[in-house]
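K.L.:
Sequences listed follow chains A and B, in order.
The first sequence finishes on residue 221 if you use the UniProt record's numbering, and the numbering steps up by one all the way, no holes.
The second sequence finishes on residue 196 if you use the UniProt record's numbering, and the numbering steps up by one all the way, no holes.
Since the hints were made in silico from the structure, they are not lab data.
Accuracy of the hints is not assured; some may be wrong.
To be verified - Distance ranges between label pairs, derived from CB positions:
1) A/Gly216 / B/Thr40: 52 to 62 Å
2) B/Gln110 / A/Asp53: 35 to 45 Å
3) A/Arg118 / B/Glu30: 44 to 54 Å
4) B/Asp45 / A/Arg118: 41 to 51 Å
5) B/Arg152 / A/Ala194: 48 to 58 Å
6) B/Val139 / A/Ala194: 38 to 48 Å
7) B/Tyr177 / A/Glu121: 40 to 50 Å
Said to hold, decoys possible - The calculated lysine to aspartate or glutamate pairs, modelled on DMTMM-like cross-linking and capped at a C-alpha distance of 20 Å, are:
8) A/Lys214 / A/Glu33
9) A/Lys134 / B/Glu114
10) B/Lys145 / A/Glu82
11) A/Lys64 / B/Asp164
12) B/Lys87 / A/Asp138
13) B/Lys118 / A/Glu126
What the hints assert, rightly or not - Stretches of chain B that chain A covers, calculated by requiring three or more beta carbons in the stretch to come under 8 Å of a beta carbon on chain A:
14) 68-80
15) 112-122
16) 144-153
Note that the Cβ used here is the ideal one computed from N, Cα and C, for glycine as well.
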Amino acid sequence: MDLELEDLENTIQDDDDDNVQLTSAELIEMMEEVWVNEKFAPEILPHKQEVVDCVLGQISYMEKNLETLPSTDFKKGIHQLEVDRIRFLVASYLRHRLEKIETYVLHILKEEEQRGEREEELYLTEAEQQFAIKYKQDLEQHFENATNFYPGLPFEDWKSHIVAPNMNSFVFLKAKTAVEGVVIDPSRDDDEVADLTVGSQMILSYNSVTDLVKKGDVQLI
Amino acid sequence: MFCEKAHVLIKELSRNRDALPPYNTDLLNEINTEVKQLITQNQEDAQISEDSRVMNHASYLPTVKIRHAAIKRNIRCILAYHYNRLKCLRNMRWQFGSILPPDVKSNLSQSEIEWFSKYSSNLVQYMRSIGDEGINLAVDLKPPKSLYIEVRCLTDYGQFELNDGSVLLLKENSRHYLPRSECEELIRQGVLEHVV
Numbered sequence: 001m002d003l004e005l006e007d008l009e010n011t012i013q014d015d016d017d018d019n020v021q022l023t024s025a026e027l028i029e030m031m032e033e034v035w036v037n038e039k040f041a042p043e044i045l046p047h048k049q050e051v052v053d054c055v056l057g058q059i060s061y062m063e064k065n066l067e068t069l070p071s072t073d074f075k076k077g078i079h080q081l082e083v084d085r086i087r088f089l090v091a092s093y094l095r096h097r098l099e100k101i102e103t104y105v106l107h108i109l110k111e112e113e114q115r116g117e118r119e120e121e122l123y124l125t126e127a128e129q130q131f132a133i134k135y136k137q138d139l140e141q142h143f144e145n146a147t148n149f150y151p152g153l154p155f156e157d158w159k160s161h162i163v164a165p166n167m168n169s170f171v172f173l174k175a176k177t178a179v180e181g182v183v184i185d186p187s188r189d190d191d192e193v194a195d196l197t198v199g200s201q202m203i204l205s206y207n208s209v210t211d212l213v214k215k216g217d218v219q220l221i
Numbered sequence: 001m002f003c004e005k006a007h008v009l010i011k012e013l014s015r016n017r018d019a020l021p022p023y024n025t026d027l028l029n030e031i032n033t034e035v036k037q038l039i040t041q042n043q044e045d046a047q048i049s050e051d052s053r054v055m056n057h058a059s060y061l062p063t064v065k066i067r068h069a070a071i072k073r074n075i076r077c078i079l080a081y082h083y084n085r086l087k088c089l090r091n092m093r094w095q096f097g098s099i100l101p102p103d104v105k106s107n108l109s110q111s112e113i114e115w116f117s118k119y120s121s122n123l124v125q126y127m128r129s130i131g132d133e134g135i136n137l138a139v140d141l142k143p144p145k146s147l148y149i150e151v152r153c154l155t156d157y158g159q160f161e162l163n164d165g166s167v168l169l170l171k172e173n174s175r176h177y178l179p180r181s182e183c184e185e186l187i188r189q190g191v192l193e194h195v196v
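With the rest of the complex left out, here is chain A (with noise of 0.2 Å):
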C-alpha cells in the first residue's frame, strides 16, 4: 500500500496549493483516521467536509491523470486499483453517517437543533441536514398512514421513545497525544482514572473518550 502510494506521488503531484500543505499520503491518511472513527464511534461525529472535498478532489484529479496513459501501460492497473480503493474510503464513510442518520433521525434531528441554538458548530453538513429532514418527513408520512384508520389515536407515542444510539458501549482506542487522568465511568462516584501514553491502546467506554475522539487526541480502532 505504501509502496502503491509513493508510486502515485512520482507521478502525480500534489494539486493542494491552499494554505494548509498536505501531500495526499497525508491526505489519505487522514481520510483513513475519519473513516475508522465514523466507523466504530456508536454516535455520528462533526463532519469533516473539508477533508472529504480534497479526496474527492485528488480522485478526480487523479482520474484525469490516467486517462492520458496508455492502456497499455501496466502502471495503469495499480494505479486504477489505488483511485477505487480511494474511492471506497471515502464513499464508505459516507454510508456509514447516512446510516447513523437513518437510525437514528430524531435523536440527531434534535441534538443538532440544541447546537444550532447554543451556536456550536454542527456535525452535519448541510447536505446531510436536509436528507436527515426529509427522511423524518417521509418516515412520519408513512405512520401516520399507518395509523390513520382513526382519528386523534394516541400514534404519536413513538416520538416519546426516541432510538438514540448506545454511548456506554466499548470502544477500542489507539492514543496519539498523552492525556492523563481520563475518568473511567462518570456516573459512579469513585473516580477511577486512566492515563493514557502516546501509542497505548486501551478498550475504554465510548463515553469517557467522546471529547477526545472529536478533538482528535485518541483514534479509533
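With chain A's structure known, arrange chain B on it following the hints.
P.N.:
Frame of chain A, contents of chain B only:
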C-alpha cells in the same frame, strides 16, 4: 385476548428477517377493527363511570386502563411492523438501485411504494450534492481487492457496454474477465455471479 393478532403480525415479521412478504392488509385491518372496538368500549365505560361517580358506584377505571394499554400495544406493533418493513426496503434500495424488481413491488402497500420513491429521490439528491459532480455511494460496497474479477453470467442479459467503449455480449453461462467497478451492480442484481 387482546393484542393476539398484533402478536401474529410481529411473529410474521421475525420469521422473515431479510425478506419482504406480502403486505398483510387483512391482518392489519383486523387489528384496526380491534383498536376501534376497544376505543368505543372505553368511551362508553368512561361515560358510565362518569355518570356513576355521581351516584357513588364502583368505577370502571381499571378496565379502561387495561384496554388503553392494549390499544397502545397494538399501535406499537403496527408501527414496528411498518418500520421494519421500511428498513428492509431501504436495504433493497441499496441493493437493487432505484428500480425494484416486480416481485418485490407487488408485495408492497401503496404507502410503502410512495415512501420508496421519496427515499430514492432523497438519496439521489444527497449523492448529487457531494463534491463537485456528486458520487454514487451505491457502488464500491465492498473494499476492492483486485481491479478485474472473473464473472459468470446467470441470465441472457444482452449487450453490455464498458466504459472504454467496447461492447460484449452477456450470454447465459458465459464467463468474462471484467473491471470490478463496472460489473458490481450487475452482480448485485443477480445478472452476473462472481467466480471465486
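K.L.:
Now tell me, hint by hint, if it's right for this structure.
P.N.:
Structure-based check of each hint:
1. A/Gly216 / B/Thr40: 52 to 62 Å: holds (60 Å)
2. B/Gln110 / A/Asp53: 35 to 45 Å: Cβ of B/Gln110 to Cβ of A/Asp53: about 40 Å, so the range 35 to 45 Å holds.
3. A/Arg118 / B/Glu30: 44 to 54 Å: The hinted range 44 to 54 Å holds for A/Arg118 and B/Glu30, with Cβ atoms some 48 Å apart.
4. B/Asp45 / A/Arg118: 41 to 51 Å: holds (48 Å)
5. B/Arg152 / A/Ala194: 48 to 58 Å: Holds - the Cβ-Cβ distance for B/Arg152 and A/Ala194, about 53 Å, lies within 48 to 58 Å.
6. B/Val139 / A/Ala194: 38 to 48 Å: Holds - the Cβ-Cβ distance for B/Val139 and A/Ala194, about 42 Å, lies within 38 to 48 Å.
7. B/Tyr177 / A/Glu121: 40 to 50 Å: Between B/Tyr177 and A/Glu121, where Cβ atoms are some 48 Å apart, the hint holds.
8. A/Lys214 / A/Glu33: holds (12 Å)
9. A/Lys134 / B/Glu114: At roughly 13 Å apart (the allowed maximum being 20 Å), B/Glu114 and A/Lys134 satisfy the hint.
10. B/Lys145 / A/Glu82: holds (10 Å)
11. A/Lys64 / B/Asp164: holds (14 Å)
12. B/Lys87 / A/Asp138: holds (13 Å)
13. B/Lys118 / A/Glu126: holds (19 Å)
14. 68-80: holds (count 6)
15. 112-122: Result for this restraint: holds, n = 6.
16. 144-153: It holds, with 3 qualifying residues against the three required.
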